[in-house]
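Enquirer: Each chain is listed here by its residues.
There are 2 protein chains.
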Amino acid sequence: MKLTELSTPCLLLDLDRVERNCATMKGRAQALGVALRPHLKTAKSADVARLATQGGITVSTLAEIDYFGRHGFRDITYAVGITAHKLDTLAELQDKHGLSLSLLADHPATVNEVARRAAQLDRRFALLIEIDCGGGRGGLAPDGAELLALAQLIRSSSHLRLHGVLTHAGQSYATPGRQAITAVAEAERAAAVLAATRLRAAGFEIPVVSVGSTPTAVFAQDLSGVTEMRPGVYTLFDLDQAALGVCKVDDIAASVLASVIGHNPRSRRVLIDAGGLALSKDLSANGLGSGTPDVGYGLVCAAEGGPPLAGLRVAEVHQEHGFIAGSGDTDLLFRQLPIGSRVRILPNHVCMTAAAYDCFEVLRAGSPEVLARWPRAGGWNP
Amino acid sequence: MKLTELSTPCLLLDLDRVERNCATMKGRAQALGVALRPHLKTAKSADVARLATQGGITVSTLAEIDYFGRHGFRDITYAVGITAHKLDTLAELQDKHGLSLSLLADHPATVNEVARRAAQLDRRFALLIEIDCGGGRGGLAPDGAELLALAQLIRSSSHLRLHGVLTHAGQSYATPGRQAITAVAEAERAAAVLAATRLRAAGFEIPVVSVGSTPTAVFAQDLSGVTEMRPGVYTLFDLDQAALGVCKVDDIAASVLASVIGHNPRSRRVLIDAGGLALSKDLSANGLGSGTPDVGYGLVCAAEGGPPLAGLRVAEVHQEHGFIAGSGDTDLLFRQLPIGSRVRILPNHVCMTAAAYDCFEVLRAGSPEVLARWPRAGGWNP
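Just so you know, the protein sequences line up as chains G and P, in that order. Counting in our numbering, the first sequence runs from 1 upward without gaps. Counting in our numbering, the second sequence runs from 1001 upward without gaps.
Only chain G is shown next, with the shape it has when bound in the complex (with noise of 0.2 Å):
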């Protein structure tokens, strides 16, 4: 199939990008000294994970631990809080794939539930203490005596394991700046390894000091007691990444196919047929840094692919409309974006656009030959 004939709106993926952001960020884990365990919540892609990495993944939904574990991922850490009802699915999932799975909890009423209803369920979990490095989002504080008790309440139960310490910089996404999330990287680093400290001098083993974020990844000075690192978003990249100066505008990997189909003079507007739905409402390149101009809902490309088209952004959305604005003349911004024609729209925050799409159309930069369909992950519940 060809790039013309696909059906708009869709998702397309650069395989070149991806293959680079990929290898670049293996390097980064290789040169820091960290295990890589990329975080799939973006990419939600098997043929991406591969491409990834060959060991343990990081999800966020049980729909995703279904789905790499179908497709032979084994070692699979859930990032997101667990709650015990989702135990028996989880047991389920590591009975059919043969998962080895590492949970998340802060809090000893999870504590309690999971460890009852493992009992239940004849099962042993590996438990991740969450810590809050600074994000106000999970986890414990590093330094307070509810870390010490918490590792002392698994330890409690025969059907709970003590595995390690995660954290997220979740504030990285809000930081931007090279200097500004170097010194959350290391804020992060910092939070990991001082529970993990602390831990091990009150007797726990900690095999595992997670951490991780793109940004956090990217520019980390030193990554000292850390074990291991779960960026996710660099696999694909987006303009939130690079107003944050993450990465390029070049290193996109994903963008969304859409067809002009209206031009409205009154509100000197491009119409296209991707909207709230197909590049998602989140706004969050807007107003981030110097690096970028408002991006709006994204940037707009030709078709076939290339650079960003000087002045153009999608200004509005409704659930299937986009509304391209042009900063120049409007008779201009209609011929330069004929009825019918095609653009390629870069997502703000791709985590969020990409996750409407079941599936990537798989090119190579400047050929228009659609490479492959690659499958993607969605919901929540297998």
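For lysine-lysine, the following BS3-like pairs were computed, each having C-alpha atoms within a straight-line distance of at most 30 Å:
1) K26/G with K248/G
2) K1248/P with K1002/P
3) K2/G with K1096/P
4) K1002/P with K96/G
Derived by calculation from the structure, the hints in this document are not laboratory data.
Please build the complex by placing chain P on the supplied structure of chain G, with the hints as guidance.
Expert: Quick look at chain P alone, frame taken from chain G:
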């Protein structure tokens, strides 16, 4: 299955409310003397569609055409401006399901390309001319020369048939209050009727004069000259419609069931396992009117249903994490929403929220029994 056995996040449907919403809108259409052609882009469900109508429907994707065709809906308006490359698939779907399809156009280039491709396929397609009634989205001005020229162009092809005019007052979603929306409804009606009247005066048959959005359908005083209306979100309703004054919060029929997976005393937030993907990042209900407080990414109800819990909202979302903030004491908030407990989140904009789910879990108000799982259409391409 019981409500308590569902894995989270998942999408709940209150059958009493959807039945009531559908009955009320049928009554509105009858009172206004127009046909009701519900827009199923919101519900994406044949089961909901059967509650809404025994007649024609409106959809927004090729995938919905295939899905509803498969479920016996034959008379379908595809209410996103057509682009010629979609005609091959449409022709296949017409044959497969025996469909009577109406397509949308507003530009000579579209009409020329559709006529050319229809000739190659040896088909005749019915076209509605889209009219811009002030929203600045798709459509021609109802009073311009382009309207008559486009109708003439359609008539000049033996592979096309002019079926009528269609408009959508998208601006009603940004216009809170009965009085203001009533004025938008009249502008919507007037634009469609003006276009139809001018075309008829020029000798064109215009069987269909189609208007509609949920706000204008609810508040229109008079639809003289209109043949049908196409509201959609009324089947489920949401906080956005409540903020506009179009429904009560008690009319909202869809919600997301989520589990409490953490308490963060540092950020004073309750963590749930429903984030930006499970709730969407749509914020449209916020800052709209005086009728509702800041709803963030959704209001929080007890898992069993009932009104929103006072002072609580989903204040922040990340991909798979939502953060509930309260207005009062943090200890009280944590006691109110203990770890492992469940909540229902009322969606900000249900079209965006529901799109992430491949089914509804259907319940009666106040009952813990899940009566059925109703599938939903997803994606774009069959």
